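Visitor: So the sequences go chain by chain: A and B. Heads up: the first sequence begins at 1 in my numbering, then just goes up one per residue. Heads up: the second sequence begins at 314 in my numbering, then just goes up one per residue.
Read the hints as simulated data drawn from the structure, not as lab findings. Note that the coordinates shown come from a computational prediction; the quantities given were computed from them, not determined experimentally. Even glycine gets a Cβ: it sits at the ideal position worked out from N, Cα and C. Mixed in with the good hints, there may be bad ones.
To list a few chain B residues with every Cβ distance to chain A over 10 Å, as calculated [as the list claims (entries may be wrong)]:
(1) Asn480
(2) Ser515
(3) Glu517
Restraint-style ranges between C-beta atoms, simulated for each label pair [said to hold, decoys possible]:
(4) Val293/A with Arg543/B: 35 to 43 Å
(5) Leu151/A with Ala580/B: 55 to 63 Å
(6) Arg257/A with Arg546/B: 28 to 36 Å
(7) Glu553/B with Asn67/A: 14 to 22 Å
(8) Leu93/A with Pro338/B: 48 to 56 Å
(9) Asp361/B with Leu151/A: 28 to 36 Å
(10) Gly121/A with Leu377/B: 42 to 50 Å
(11) Leu93/A with Arg543/B: 14 to 22 Å
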Amino acid sequence: MRWTLLALVAVLALLLSVVLGPAAVPLSELLRSDIVWNLRAPRALLAFLVGGSLGVAGAGLQALVRNPLADPFLLGLSGGAGLGAVLAIALHLPGPWALPIAAFLGALAALGLVYRLGLIGGASLDPRILLLGGVAIGAFTAAITTAIVSLADAAELRNAFLWLWGGLSGASWDSVLIVALYAPIPLAVLFAASRPLDLLALGEESAGYLGADVDAVKRRVYLAASLLTAAAVAVSGVIGFVGLVVPHIARLTWGHRHRSLLPAAFLGGGALLAFADTLARTVVAPRELPVGVVTALIGVPVFALLLKRWTIA
Amino acid sequence: MLRRLSVVVLILFACHPSARRHETPPAHRIVSLLPSFTELLFAIGAGDRIVGRTQWCDYPQAALEIPSVGDGMPPNIEAVMARRPDLVVLYNAGPNVTAAKQLERAGIQTVLIDLNRLENLGPAARTLGRLTGRQEQAESLAIVLDSLAGRPPPPSTTSLAFIVWDNPPIVIGHGSYLDQLATQAGARNVFGDIAAPSAQVSLETIVARDPQWIAVLADSAVPPAFAKRREWRAVRAVREGHFLLLPGSLFGRPGPRSGEAIAQLRARLAR
């Protein structure tokens with residue numbers, strides 16, 4: 001029942017984002033419209049894939065660091081991506097894909113630094129150091145980014161911030177294809193880690209006694225979740241709240257078993273972002289809202305409501 | 314450092330408010346913190362009194378000889394004061410209001426001028442004329458500029474969209490000077506219904522409104538990078554390569570050359 005409902009919501013969100021838009025496309029011409037085929041359909045799919053990836057990445061990271069506040073962007077990736085994007089603009093890197101690629105590489109660099117910091121205590125990733133390292137690297141890269149923006153040709157570089165919070169405007173079949181080929185690998189790694197993630201909730205020591213290779217699981221989950229987030233930021237910028245709120249909502253309904261929690265987080269995250277993007281494109285048409293604004297405006301009240309129910313129950 | 318400090322102290326004493334408030338003599342050492350002001354000052358014959366400019370002030374040629382005080386947004390107060398100005402001309406906007414107050418506290422006369430649209434040009438020229446004692450030249454320039462702003466636009470024969478940034482797409486709306494430029498050149502801004510100077514829109518809105526031209530402020534002759542992105546190929550003008558690449562120095566700022574900008578834009582649209 002829950003699954004049917006969730007699947008329905010996901011399909012509905014996808015349908016709505018193809019049918020609705022600021023430009024008037026009559027229903028009868030929906031299947032033949034250039035706008036629908038070349039702009040709305042890839043954007044809806046990209047929104048779904050990115051939202052789902054962020055949901056799963058958030059669920060995985062929250063289990064890994066055993067902290068309900070963990071968000072895929074908390075671990076320094078948005079700072080790294082922003083620095084990459086600003087460098088691409090400042091250095092006038094040519095080509096239509098310069099910005100996304102630079103942002104992806106920036107996120108990867110931040111990921112590598114945070115990972116290295118997390119291993120400081122030895123071979124085992126320390127979740128607390130991951131969190132602190134993520135915040136520190138995020139602050140550090142943000143400082144360098146701001147320095148570049150304030151020293152170099154300002155007007156152009158402010159656009160880098162627009163891009164970083166830009167949402168899904170850059171969606172095309174190219175970007176859908178890239179994400180559809182890339183995301184399944186880290187997603188599969190995370191899904192395969194469902195059982196050890198359940199055990200990890202009992203504490204690292206207990207998980208070890210119960211047969212989980214704790215060190216390896218932590219490394220795999222961290223890398224997979226971060227690689228998902230790095231791809232998301234490269235194609236859609238930083239989209240907040242999906243990776244934070246969706247796992248919690250999924251956990252409230254599906255419980256703590258990752259075998260069902262992760263798929264639910266994927267569908268839920270996908271549906272939320274597709275729906276939020278539809279609102280972003282239509283409510284103030286012909287203008288458009290940054291999609292992160294909408295995810296926060298929808299996500300946070302839903303979250304508060306569920307929290308209330310949760311604490312009362 | 315010490316020398317700069319002593320300069321500040323000197324200025325503090327020399328320009329004590331009571332000494333200058335009564336009858337403001339024409340300014341002789343002006344720092345101009347907007348390219349448009351620099352152009353206007355040169356146009357009314359007060360260009361030789363500018364002792365500081367922004368790094369963006371690149372017209373006329375003689376402006377490049379004047380020392381730069383930085384990018385001017387927000388103004389670097391120390392760099393401005395180091396030019397020992399008796400008048401600082403600032404664009405009327407948030408951070409500049411604070412900067413003007415700081416300069417006033419240091420005893421330097423400042424003036425904040427609105428310059429967002431064509432109709433601001435005439436009043437701006439007159440204000441600068443009054444402050445530099447060149448009222449006559451300013452008045453004759455202002456009359457020309459006023460007539461430019463008051464002229465009924467020609468019927469539009471073509472349409473365009475100004476793309477400020479591609480991801481997310483930011484376009485120019487009715488509130489911008491560029492919208493006026495297009496209208497006066499006989500092109501309808503397809504986003505003229507948006508009241509704000511600029512706004513984020515969906516790509517599909519640009520496709521649906523189907524402008525004949527995509528206008529971009531750019532100093533290069535190569536179409537912008539987004540022209541090659543697949544999602545942008547949905548826009549007909551992008552597919553057909555109908556780009557208007559407009560150099561920012563002439564088209565990006567209201568000023569004494571606005572009439573020339575309109576004429577050039579009209580000529581390029583007719584081609």
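Visitor: Each hint should be assessed against the structure and marked as holding or not.
Guide: Each hint tested on the structure:
Remark: the non-interface label on Asn480/B conflicts with the geometry, its nearest Cβ contact in chain A lying 5 Å away (cut-off 10 Å). Not every C-beta of chain A lies more than 10 Å from that of Ser515/B, the closest at about 5 Å, which undercuts listing it as non-interface. The beta carbon of Glu517/B is not kept farther than 10 Å from every beta carbon of chain A, the shortest such distance being approximately 5 Å. In this structure the hint that Val293/A and Arg543/B lie 35 to 43 Å apart at CB is violated, the actual value being about 26 Å.
Checking the proposed 55 to 63 Å range against Leu151/A and Ala580/B shows it is violated: the Cβ atoms sit about 38 Å from each other. Checked against the hint of 28 to 36 Å, the C-beta distance between Arg257/A and Arg546/B comes to roughly 46 Å, which is inconsistent with it. Take Glu553/B and Asn67/A: their Cβ atoms lie about 53 Å apart, and the range 14 to 22 Å is violated. Between Leu93/A and Pro338/B, the C-beta spacing of about 52 Å keeps the proposed range 48 to 56 Å intact.
For the pair Asp361/B and Leu151/A, the supplied restraint of 28 to 36 Å holds, since their beta-carbon distance comes to about 31 Å. At about 58 Å, the beta-carbon gap between Gly121/A and Leu377/B misses the expected band of 42 to 50 Å. Hint check: Leu93/A to Arg543/B, Cβ distance near 19 Å, so the stated range 14 to 22 Å holds.
Checked against the numbered hints above, the structure violates hints 1, 2, 3, 4, 5, 6, 7 and 10; every other hint is satisfied.
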